[in-house]
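Protein chains: 4
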Amino acid sequence: MTTFGPLFVPTELREAVSDAAWLDAMLDVERALANALSLAELVPAHVAAAIADKCDPALYDIESLCVQGRAAGNPVEPLVRALREQVGGDEARYVHYGATSQDVVDSAMMIVARIAEGCARLAREHRSSPMAARTLLQHAVPTTFGYKAAGWLVAVTQARSTLGETELPAQLGGAAGTLAALGKNGRRVRSLVAAELELSEAIVAWHTNRRPVVRLAAALDSVAAACAKIGLDVVLLAQTEVGEVAEARGGASSTMPHKRNPVRAVLARACARGVHAQASLLTGGEYEHERAAGAWHAEWNAISQALAFTGGAAAAARECLDVLEVDKARMRANMTSDLLSERRAFGDDDPDPITYLGSAEPFVDEALRYYEGSV
Amino acid sequence: MTTFGPLFVPTELREAVSDAAWLDAMLDVERALANALSLAELVPAHVAAAIADKCDPALYDIESLCVQGRAAGNPVEPLVRALREQVGGDEARYVHYGATSQDVVDSAMMIVARIAEGCARLAREHRSSPMAARTLLQHAVPTTFGYKAAGWLVAVTQARSTLGETELPAQLGGAAGTLAALGKNGRRVRSLVAAELELSEAIVAWHTNRRPVVRLAAALDSVAAACAKIGLDVVLLAQTEVGEVAEARGGASSTMPHKRNPVRAVLARACARGVHAQASLLTGGEYEHERAAGAWHAEWNAISQALAFTGGAAAAARECLDVLEVDKARMRANMTSDLLSERRAFGDDDPDPITYLGSAEPFVDEALRYYEGSV
Amino acid sequence: MTTFGPLFVPTELREAVSDAAWLDAMLDVERALANALSLAELVPAHVAAAIADKCDPALYDIESLCVQGRAAGNPVEPLVRALREQVGGDEARYVHYGATSQDVVDSAMMIVARIAEGCARLAREHRSSPMAARTLLQHAVPTTFGYKAAGWLVAVTQARSTLGETELPAQLGGAAGTLAALGKNGRRVRSLVAAELELSEAIVAWHTNRRPVVRLAAALDSVAAACAKIGLDVVLLAQTEVGEVAEARGGASSTMPHKRNPVRAVLARACARGVHAQASLLTGGEYEHERAAGAWHAEWNAISQALAFTGGAAAAARECLDVLEVDKARMRANMTSDLLSERRAFGDDDPDPITYLGSAEPFVDEALRYYEGSV
Amino acid sequence: MTTFGPLFVPTELREAVSDAAWLDAMLDVERALANALSLAELVPAHVAAAIADKCDPALYDIESLCVQGRAAGNPVEPLVRALREQVGGDEARYVHYGATSQDVVDSAMMIVARIAEGCARLAREHRSSPMAARTLLQHAVPTTFGYKAAGWLVAVTQARSTLGETELPAQLGGAAGTLAALGKNGRRVRSLVAAELELSEAIVAWHTNRRPVVRLAAALDSVAAACAKIGLDVVLLAQTEVGEVAEARGGASSTMPHKRNPVRAVLARACARGVHAQASLLTGGEYEHERAAGAWHAEWNAISQALAFTGGAAAAARECLDVLEVDKARMRANMTSDLLSERRAFGDDDPDPITYLGSAEPFVDEALRYYEGSV
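Listed in order, the protein sequences are those of chains A, B, C and D.
For the first sequence, the positions run 25 to 399 when my numbering is used.
For the second sequence, the positions run 25 to 399 when my numbering is used.
For the third sequence, the positions run 25 to 399 when my numbering is used.
For the fourth sequence, the positions run 25 to 399 when my numbering is used.
Rather than coming from a laboratory, the hints here were simulated on the basis of the structure.
Be a bit skeptical, because a hint or two may be false.
Copies of the same chain are indistinguishable here, so a pair counts whether it falls within one copy or spans any two.
[Unchecked claim] Result set (EDC-like, lysine to aspartate or glutamate): computed pairs, CA atoms no more than 20 Å apart in a straight line:
| hint | residue 1 | residue 2 |
| --- | --- | --- |
| 1 | Lys352 | Asp48 |
| 2 | Lys208 | Glu385 |
| 3 | Lys208 | Glu390 |
| 4 | Lys352 | Glu220 |
| 5 | Lys208 | Asp80 |
| 6 | Lys352 | Glu191 |
| 7 | Lys208 | Glu225 |
| 8 | Lys208 | Asp389 |
| 9 | Lys208 | Glu141 |
| 10 | Lys352 | Glu189 |
| 11 | Lys352 | Asp52 |
| 12 | Lys352 | Glu385 |
| 13 | Lys352 | Glu87 |
| 14 | Lys352 | Glu265 |
| 15 | Lys208 | Glu222 |
Just so you know, these numbers come straight off a predicted model, no measurement behind them.
Chain A with its partners taken away, still in its complex shape:
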């Protein structure tokens, strides 16, 4: 068996979105459904137990399910068939990827929290470290490195909060969303399944109202974008001529050993591009009737990739901040006389940018309070 593609995604995350992980998640749902039907007294307890017993990934051959999944145009189909063969008779019908998503989202949240902590540390340490602010990549006025880190902190904290608020409702709609096969018990079974999977309930089936998927992707995109912004600023500050920051153990160059490449910052940017491409693929308007003929099938890979690359971006950004060396002296030295005279333009003779920067510090404090309130 071969691995596919995203070299820059940490191994754990590749595994979290692997075929094996999907299989686990699908079996979790089947087990939850069996239990829910049993609690609702629609299925005898011993049948539910028998089904749950067969929801063991070790009983199934992933490669073979993949091949059959392509034939059926649907990865659930062959699994349900295989499960039936194992059990004999079942009510297991529909599946979603809420479970896997939730797991990966939770893991991503943890990594994001550590980026935020890295930003907060820099914001505190460099609350009053003067540096040039740059607009259109030209020196503008003085700022502090703490203010820059506070800007990263706010973006990461906001993105994390958006991710945390993303609703991942359970999907149980039956063939056409109406749970017709369950008759009057439909809504009750759905509640039990949702409770068992610790997911929220949708108002109506979201088979062709892909809001949960689109919003999850948008939330991932905002995390990735916050990581990419850190990466971009670090890459620019680490330029040979600027030299205000460096990654401590930069990527070695095979041909140019003198270089200290800001590798983690670069990876954060690269991974973020991957997330954005997938988020753009997802839009809610092209889902025909009660089940889309293509757009739905395209989601599985898109959301896998988005999850994996968000994890990749977050891991890279966190590592980047962890090893970031900040050269305060160089920051000060790079501030041109223009910047100091700019200071005087506002009617102050004292060219000391530290004094001048009093205006930045309260914003740093406000950002830190926002972050601390959000943890």
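Please arrange chains B, C and D on chain A, whose structure you already have, making use of the hints.
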């Protein structure tokens, strides 16, 4: 002077995102800033009054400001210069498009509310009108047209609520976000400006944390997607062979007078594609340091187009629902014997799909309650 | 009437893609069709003359056609109706935007040719001007500024050649592509129309095989990308700390007069983003049967915007190169001792980068030969 | 080791873009480079032989190279280091993915050729089989199914020809594109490497002029779009109410055995979405100086996914055509009386659509000639 491009956008909306509207919005901000500085006693009241006096769009030549804006790479620059010439001396420095956005967002909200009402009406009327549910465009099981309309209703209501919750904070950061030029008064002036413009306040300047823009675009995209989904389902139901719905006064065909084209549904889909392209352009990771060298400048047109086309999609979807003719008899007749036997497969001898559809109705009711609670 | 959106697009180009320009182009096609039908002896010469006579834009009210176009979901419909009213009876049926596109493509080609000439000039002048090559924004090894300009030159020349080779076939397919209404004369009339409009002929109608549109957009995107690459390199070289190039008459900053913003480079980047968003919208797989229910309608604005913004990017890049000041001394001074020792690493004691750079010069010459051969 | 994501991509193609395939391709390039240096007498033949000897994938641990690749931000780095350890001293420096791309492109070409043959067969068989042409999904005028298949044929043939013409130049530029380390021998070595790999030569290094990658992606996107168009038309014609075509051995539904889902058509559409998302990610304007800090790194996964999903789309479209059952009687029966009266509107009393369709047949023939000329 020539109009540009989006033929399918209603005239009012073209005007709402026109150069003239931007000029109005920019002058509104300059006026609010002058008033705020006066309230904060940083500018004498008579100076603020003089500035406010010159914030009259009639005093400026838009075409000339556009030409100068291209030269400066920034539309605010020439306006501020022109305003200064008119007033002599000013503190007016920064601008945002919150005001215009808010206006257009408000207008869009009104149109979206009317789409929701259209969906709700259909959901109520056809709560129990049986039709075939279709997955992969094949008949699946019976459903009701009310259930389909309830699905549209939920999507529109959710999208409207997302749009309504979109935070549009005032932007006042000065040259590099620290409001340095205002010294210790910075945060107070910012609060006054935000209050005057009835916008919220950001934690730190969002010059290069484009969350408000990205989220506004995502909210617009979700409205447009909800409209496109309605358009897609209507286009499919209106097919010659299906004939379950029709737009009452369909677009005439110049060459084929027998056709009844579902024009509004088609336009809703077309406009939604335009929104999605612009939403995809916007991502938060490519904004250098304290002001981006390109990505920021690309936003103005992107958000204008997204606003205009969302309005176009919403207007088309609303009109489509307003004139929709529903052929209940055809819906019933199209239900194949397969669907009826499907019914029997669940152990029920009564092939009447209406009875069978008892499972759909509670979901319709739930969707209507959700909608009514959100108004 | 109000202008819409793309502030950064030169006025000429806004006009070239305006509603008025579309009207002109549509009337051109109607006239060509009338003449073709007359040549094919399917329409009496005096009727064709009468139609041609009415193909005068001054006879029509654009705003009113726009409003009717929205109602019909099709801008051609009301025009054909209005033309019929003017003439009485006609065969004019289908339209395309080949003509307008060709005009704008031709104009864009001229601008692009001037960017290429700017690059070639810099490549010649700085064939041997040493500077640091930068990978991941770190100094790598020495190169010459001429080599960098040669890279731009190759990209622009290739993009121009792609644009020049873009096939813009005439579209005349009738209601469903078969030209049924013209009976056996269909293909002959199509040939005559294509000849009259100086466009190529498609094999079959391309109503739902959007290759010409997709490829035109891709060609525009490649021009825009070549402009954006120049913009990006200029923005980076113009950074305060790097200072190797500057735009001679940079955009004034209203608040920071010491800044010399690389405005044209920034605009080239901004416009390129707009082109890319539209190119991404266009893809050939979502066009139902013989005429798409939405995807087709979305093209008009997309291709207008792509054309306009490509023009904007090209104009900005050309101006940027025209006013570019190159600081050879600073380029040399920025080369660090690392770069010189890198030189020695290859077994050469002479640390003079000029000698070393012998390897870059032949590539510059090759690029210039390629460019000169393409003119 | 786990597989990643694209369930719907055939196993062969997953393998063709796997980490293992990249390793093979990178080692191929190292071997070609060693041989070229030997031919150019820059490296003794026995050294080249020793290097070639170590270019055996079995000597390397992919997972370990992946982990190191993430650390270095570059998958080549650890491989070169590992190769050096195996050989001791080497000249192998740069790499590209031309080889892998070429292999996958060649495989894709073969599959595409078979789609074209499937279309041609249908065009020939149904050259005169009448059916309704549909615009905006409404019956328009009569056409033939052969004409529809001819449209698919032209699109597939054009896309295949674009793919076949995609230039995949060898990349050998050294640290900054100038091949400085090879001194005066640079261009000669580059020619030898290109010849050995059977690739063309670039004018200058394309490290930051990503035209080959962008155009390859666009060519893949056009293949995918042609497949998606076939998929869309098949899905629409296979609708329960239309029933004009069916996939012979359609995907079984676990819950609704009466359904005959057009699974392959659906998969072609789904895969095409994946290709388009990756093609949109790639644009040539964001590559800094001589090596981009992120955009380059994002390409590897993007092009892998685009290649894999194009293969998936092509395989699905080919299979779809291979098993397509065409119901000529239903096509005829679906033609409404409107369509026949439409016929009369053109002054012909004979309502037989077959006679009428004489206008479609010559286009079918022309498309077949075009296809046959291109093989």
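Unsatisfied constraints (hint numbers, rising): 1, 4, 5, 6, 9, 10, 11, 13, 15
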